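Participant: Use the sequences and the hints to build the structure in full.
Each chain, letter by letter, is given below.
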Amino acid sequence: MFEYSPAPESKSIVKFQDSYGHYIAGKFVKSSKKYETINPATEETLALIGHAGAKEIDLAVRAARNAYEKTWSKLTGAQRGKYLYRIARIIQERARELAVAETLNNGKPIKETRDFDIPTVAAWFFYYAGWADKLDYAGLGPNPKAHGVAAQIIPWNFPLMMLAWKIAPALAAGNTVVLKPAESTPLTALMFAEICEQAELPAGVVNIVTGFGDTGSALVNHSGIDKVAFTGSTEVGRIIAKQIAGSKKKATLELGGKAANIVFDDAPIDQAIEGVVNGIFFNQGHVCCAGSRLLLQESIQDEFLKKLKRRMETLRVGDPMDKNTDVGAINSETQLRKIDKLVKQGVKEGGTAWSPQCKLPRNGFWYVPTIITGVSPANTVAREEIFGPVLSVMTFRTPAEAVTKANNTPYGLSAGIWTEKGSRILKLADQLNAGVVWANSFNQFDPTSPFGGFKESGYGREGGRHGLLAYLKGGAK
Amino acid sequence: VRLDVKKTYKLFIGGKFPRSESGRTYELTDSKGNHIANVAKASRKDVRDAVVAARGALSGWEGATAYNRGQILYRIAEMLEGRKDQFIQELRLQTGKSLATATKEVENAIDSWVWHAGWSDKIDSVAGSMNPVAGPFFNISTNQPTGVVAAFAPQESGLVGLVNTIAPAIVSGNTVLVVASEKLPLSAITLAEVLETSDLPGGVVNILTGSAKELGSWLASHLDVNAIDLEGSDSPAELELLSAENLKRVIRPGVYPRQGASGSLQHILDLMEVKTVWHPKGH
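The listed protein sequences correspond, in order, to chains V and B. Residues 1284 to 1760 in the numbering used here are what the first sequence spells out, letter by letter. Residues 10 to 292 in the numbering used here are what the second sequence spells out, letter by letter.
No lab work stands behind these hints: they were computed from the structure. In this text the structure is predicted, and so the values were computed from the model without any measurement. Take these hints with a grain of salt, some might be off.
In the SDA-like style, the derived pairs of lysine to any residue whose C-alpha atoms are separated by at most 20 Å in a straight line are [unchecked claim]:
1. V:Lys1365 with V:Glu1376
2. B:Lys25 with B:Leu67
3. B:Lys131 with V:Leu1423
4. B:Lys290 with V:Thr1731
5. V:Lys1704 with B:Phe147
6. V:Lys1310 with V:Ala1486
7. V:Lys1533 with B:Gln275
8. V:Lys1756 with B:Pro262
9. B:Lys131 with V:Gly1422
10. B:Lys290 with V:Pro1551
11. V:Lys1532 with B:Glu247
12. V:Lys1310 with V:Pro1485
13. B:Lys131 with V:Ala1421
14. V:Lys1428 with B:Asp279
15. V:Lys1756 with B:Leu67
16. V:Lys1525 with B:Leu251
Facilitator: Here it is, written out as structure tokens:
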């Protein structure tokens, strides 16, 4: 294996403020309660962040309602679109700064924030900007309407990207928003507030409130919202579905997953190895659609696992700011403990855990990429979402068995199929209960392409025309 | 004088007509209080049996070609048309409605089957998409049935409301268990006879008669049900809460009209899942 010299990205392009308030009605409002946000790779404090309570939520929802009624709903679609184009361009202009900020607050490798997260954010705004004046073509008939005020709650795994997935279609459709970023990764959302200022977006159209679960809960329960969009765990998704039961609030929920990545004996093995590694170790496995269950056709098990282990030995784990790093820091201590506990449970239930030798930094939260072999479908590590760099390996003999095992989960977000046989891909794609199926590929995303789950992975789609529909209701009836 | 032969109104589960497992019935009377029938009163076990039947029928029905499903829905319209008079008579017996009103309802029900039949092979053309992703991939989004749908037919309509509850669910390949109107259950069971003679595979539609209130929580909390249509429920908020446990897709009451000779594509799509498939382009 090659030795790599350090190639650190510079932090100097980013200047965080010491303390941030909530962005409400175009102004930063001081928060009475505060907490510290850290860099999970070093455990250093980056800034003080506001912890919003019912009072701040109420202010933000009122600001969004006011902006919806007085400003945003009065603009033409073309005008709304132009604001979104401006935002897309400013994100491109400030891409390097945003990439560094995201890596510092999230712990994911700079390679990913630079080449994936931030370019995807810009693309999302650019794509939905173009929809704003074409809503008559969305599929709901002429003159569809916005819901009004959207409450949006996003996770910590792709902080700014999840913000883009939420805010871009909401604004294009004519809604105003109150967005709450995850408690551990609020910084790029707060920088986005500055971008809204630079784009001269009317005050109150985008409001950002920071805080914990109680903040999100107060937002969902507020009587002034019309729509909830949530990405996060199935556990919290369930709570939200219960909170809005019996109300007129609409919801889209993008929740957990336990995707099967199915490899047949005729698959292009080297490509499949890359796809499996990308499927589970991309973003430290903090991916709802991660290919966390590897289903190997029995005949290639030994050869495949040998090659997979060899490939895993070349993964560079460590400083996320290093441009060569493949696997960065686990986002929080809580998450690290959860991963560790689940892997121990997997071993207790009969699995064999293996990880490459790795030198890890002294501070920060780290988990070495791990595979667990000898897993049976009833084991905890085959059923529960680990949300970390941990792959559970199972085998199958026939395509029918692969489908049965792949579908044997309450989740249904994504799946992967590796085979050279086109007809097999198409048949399996039909049979798999998953919202996204990647054939001979994995973890591909695009603003034109709908994303979202079956079953307990949630409902509604983000991306494409379908993603726009979540923020519209039929016009003429 | 010849004594006429009266029908026993039973449940419709898995293509068969069982009595309620509980042995229970409830008496149906006309507007003057005269006895009409002892109608089966479904129990929790009947709900479970119906879910098992619906789940068992799912892979065959969703795997059938859209053309085949369209023809079967059209066949239902044909069978209904042939028994039009019986449905009119039954509706009038239960409701005391005029001949014209009852006739209109039955005609709407027939025409709605025809309207829905035509959608089966057009949904993806209208609601699917080819997505021009920024990379070397073929990327397509199609719509697939959600799975097992539990539904409460509208209480105030014996036939057309029931048809406009079942048809949007099954046209795309879902299977359904539906609780018929408690006051107007006769048309539901006679409709089951129509379904049974229309080449519709057993278990695709399961019809329960009885108390929607009593059966409600068992349907809403059943973990093998994927979606729930609360149109005819009298406690939709409570059932939506129970449905959240396994994140069922929920259709709240009053969203879609159920009395007409046509339905809504959006209603059909609410009981479907968008699936996006990526495939690399290359040599």
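Participant: So which of the earlier hints does this model not fit?
Facilitator: Hint 15 is the one this structure does not satisfy, whereas the remaining hints hold.
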